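Asker: Sequence:
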Amino acid sequence: MGVLCAFPEAMPSSNSHPPACLAPVALFLALLVHLSLSSQVGDRRPLPVDRAPGLKEKTLILLDVSTKNPVRTVNENFLSLQLDPSIIHDGWLDFLSSKRLVTLARGLSPAFLRFGGKRTDFLQFQNLRNPAKSRGGPGPDYYLKNYEDDIVRSDVALDKQKGCKIAQHPDVMLELQREKAAQMHLVLLKEQFSNTYSNLILTARSLDKLYNFADCSGLHLIFALNALRRNPNNSWNSSSALSLLKYSASKKYNISWELGNEPNNYRTMHGRAVNGSQLGKDYIQLKSLLQPIRIYSRASLYGPNIGRPRKNVIALLDGCYIDGRVVKVMDFLKTRLLDTLSDQIRKIQKVVNTYTPGKKIWLEGVVTTSAGGTNNLSDSYAAGFLWLNTLGMLANQGIDVVIRHSFFDHGYNHLVDQNFNPLPDYWLSLLYKRLIGPKVLAVHVAGLQRKPRPGRVIRDKLRIYAHCTNHHNHNYVRGSITLFIINLHRSRKKIKLAGTLRDKLVHQYLLQPYGQEGLKSKSVQLNGQPLVMVDDGTLPELKPRPLRAGRTLVIPPVTMGFYVVKNVNALACRYR
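Letter 309 of the sequence shown, counting from 1, is numbered 350 in our numbering, and no numbers are missing.
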């Protein structure tokens, strides 16, 4: 895991000592403890509402929400996205101009788009306009020739467009790309398991395509620069980064910057180490490169954080969810896995609050399973329980931004597959973006609860989170509240809204698997209607099911959903 900080505008000169936030190596190691992602949120967990076996289904759960003040307020870009540099290697970067991909990404804006991952520190920039002759790949000559010719023709067509450059790629072209990507996937897996990575070349045209995708999708690009390129004295070799910065500035690209990926793992992954003191010097050097460039003199810079950074510091942690322990669909329903991350986040927050009180923490590289995920599991409806619980839990615990790895083309943890079809986690994310605002509210639950036994931990199988409804959603007036509920029980649960929520109109957005595969399905339905993109390539309308005022909420077994409580006039939600 890497802890990164946003540096103040006034930086020390390049010959000064590294800032305090980069010096103490002991704290650096403490903050860079590896997270194995699972989920339960920090100090303010939803109250336990697990039911004893044999309780009658008619037992009501009473639910109220504190509406006066939020318990947390997270970033407007709380749910953000990540693209792995491997898309250069397997060729998918050339297809980011796809109208369908841009439409899907635009549905999740506003958000950050981090371009980074394990191959960040093998990335080199070359100012080449036509890389077709230098682009390698497996396959027979005729295959590569056809493929390259298609890419060049597509590039020429894009160059003629003004503004957002959007393409409609022919099916045969996409089929050739999928064949190439499948072969390159074997190469990438071999590199991953051997910890031996080849260099990646990012050309000017490739950077143009990456920025075009982010800009057209309404995403703010955060670019992670190669920090492993070193001079003989172990100082950072910034020649490639400087070339990239100058080119980006010439194009007036609005980009934030980051240096390196998981520097605490450099020794184990790459056989060399860069200590905190040297990283501090490297960041001073990067800041000195940015300051003379007018467009980047005040650009956000994210980096290793140790010691006592100033108030605008952001900690950015890396992790993966359950570290490969998912081998069957029912593993996603185990509450002990959902509860693991909470304790780990609390430990990190304790260290952060001790040395840098008030620092905002970001969690990047968030996936539901490690090592690229598992086919028919990580991309299934069942994986959504972990993802939705993570979003609720981390917001409740005060994590400022969660960056999902990956939006597209990274194992089986992505939101969109290689046919450009949205997977269940995408639809969950879309509903979250449309309905959930940054203000987190406290949930109060009353009902029969199982008595604890010595040595036995009570796990929550019914999880309830509450936020102010997204104020950008013009279907709901300010003051409305959105609940999202996860029911892992094998029986339905009945919830009676009480207190400030009593007798209010509710809009239900119930997400269930669609098709014969059940929990392993890669398709979902919203309130009984399958969710698919419209024939013209646009996103479908997300239609709620109105529930009459005062009606008890009935949550089906092993499902999740969103419930907008209208016209609550919650004080915490009336103002931005």
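In case anyone wonders, no lab produced these hints; they're calculated from the structure.
Please read all numbers here as calculations on a predicted model, not as lab measurements.
Accuracy of the hints is not assured; some may be wrong.
Stated by the list, open to error - Cut-off 35 Å, straight-line C-alpha distance, at most; resulting in silico cross-link-like pairs (DSBU-like, lysine-lysine): (1) Lys-401 / Lys-474; (2) Lys-109 / Lys-203; (3) Lys-109 / Lys-369; (4) Lys-391 / Lys-401; (5) Lys-109 / Lys-221; (6) Lys-140 / Lys-322; (7) Lys-375 / Lys-231; (8) Lys-109 / Lys-140; (9) Lys-109 / Lys-159; (10) Lys-293 / Lys-369; (11) Lys-221 / Lys-231; (12) Lys-322 / Lys-287; (13) Lys-545 / Lys-502; (14) Lys-221 / Lys-322; (15) Lys-584 / Lys-561; (16) Lys-537 / Lys-140; (17) Lys-287 / Lys-203; (18) Lys-561 / Lys-535; (19) Lys-563 / Lys-375; (20) Lys-375 / Lys-203; (21) Lys-375 / Lys-287; (22) Lys-292 / Lys-545; (23) Lys-231 / Lys-203; (24) Lys-201 / Lys-109; (25) Lys-140 / Lys-221; (26) Lys-201 / Lys-287; (27) Lys-203 / Lys-322; (28) Lys-322 / Lys-474; (29) Lys-474 / Lys-369; (30) Lys-537 / Lys-221; (31) Lys-391 / Lys-203; (32) Lys-369 / Lys-535; (33) Lys-231 / Lys-201.
As the list claims (entries may be wrong) - Here are the in silico distance ranges between beta carbons for each label pair: (34) Leu-546 / Asp-384: 20 to 30 Å; (35) Asn-460 / Pro-398: 39 to 49 Å; (36) Gly-591 / Pro-398: 43 to 53 Å; (37) Met-574 / Ile-336: 32 to 42 Å; (38) Arg-589 / Leu-612: 49 to 59 Å; (39) Ala-198 / Pro-273: 41 to 51 Å; (40) Asp-384 / Met-310: 34 to 44 Å.
Built from N, CA and C at the ideal position, the CB exists for glycine as well.
Asker: Against each hint, give a clear statement of whether it holds in the structure.
Answerer: To see whether the hints hold, each was checked on the structure:
| no. | hint | in the structure |
| --- | --- | --- |
| 1 | Lys-401 / Lys-474 | holds (21 Å) |
| 2 | Lys-109 / Lys-203 | violated (48 Å) |
| 3 | Lys-109 / Lys-369 | violated (43 Å) |
| 4 | Lys-391 / Lys-401 | holds (13 Å) |
| 5 | Lys-109 / Lys-221 | violated (56 Å) |
| 6 | Lys-140 / Lys-322 | violated (42 Å) |
| 7 | Lys-375 / Lys-231 | holds (31 Å) |
| 8 | Lys-109 / Lys-140 | violated (43 Å) |
| 9 | Lys-109 / Lys-159 | violated (44 Å) |
| 10 | Lys-293 / Lys-369 | violated (48 Å) |
| 11 | Lys-221 / Lys-231 | holds (16 Å) |
| 12 | Lys-322 / Lys-287 | holds (21 Å) |
| 13 | Lys-545 / Lys-502 | holds (26 Å) |
| 14 | Lys-221 / Lys-322 | violated (41 Å) |
| 15 | Lys-584 / Lys-561 | holds (24 Å) |
| 16 | Lys-537 / Lys-140 | violated (44 Å) |
| 17 | Lys-287 / Lys-203 | holds (23 Å) |
| 18 | Lys-561 / Lys-535 | holds (26 Å) |
| 19 | Lys-563 / Lys-375 | holds (20 Å) |
| 20 | Lys-375 / Lys-203 | violated (51 Å) |
| 21 | Lys-375 / Lys-287 | violated (50 Å) |
| 22 | Lys-292 / Lys-545 | violated (52 Å) |
| 23 | Lys-231 / Lys-203 | violated (41 Å) |
| 24 | Lys-201 / Lys-109 | violated (54 Å) |
| 25 | Lys-140 / Lys-221 | holds (21 Å) |
| 26 | Lys-201 / Lys-287 | holds (24 Å) |
| 27 | Lys-203 / Lys-322 | violated (41 Å) |
| 28 | Lys-322 / Lys-474 | violated (39 Å) |
| 29 | Lys-474 / Lys-369 | holds (29 Å) |
| 30 | Lys-537 / Lys-221 | violated (54 Å) |
| 31 | Lys-391 / Lys-203 | violated (50 Å) |
| 32 | Lys-369 / Lys-535 | holds (29 Å) |
| 33 | Lys-231 / Lys-201 | violated (39 Å) |
| 34 | Leu-546 / Asp-384: 20 to 30 Å | violated (39 Å) |
| 35 | Asn-460 / Pro-398: 39 to 49 Å | holds (48 Å) |
| 36 | Gly-591 / Pro-398: 43 to 53 Å | holds (45 Å) |
| 37 | Met-574 / Ile-336: 32 to 42 Å | holds (36 Å) |
| 38 | Arg-589 / Leu-612: 49 to 59 Å | violated (26 Å) |
| 39 | Ala-198 / Pro-273: 41 to 51 Å | holds (46 Å) |
| 40 | Asp-384 / Met-310: 34 to 44 Å | violated (26 Å) |
Violation of the numbered hints given earlier is confined to hints 2, 3, 5, 6, 8, 9, 10, 14, 16, 20, 21, 22, 23, 24, 27, 28, 30, 31, 33, 34, 38, 40; the remaining hints are satisfied by the structure.
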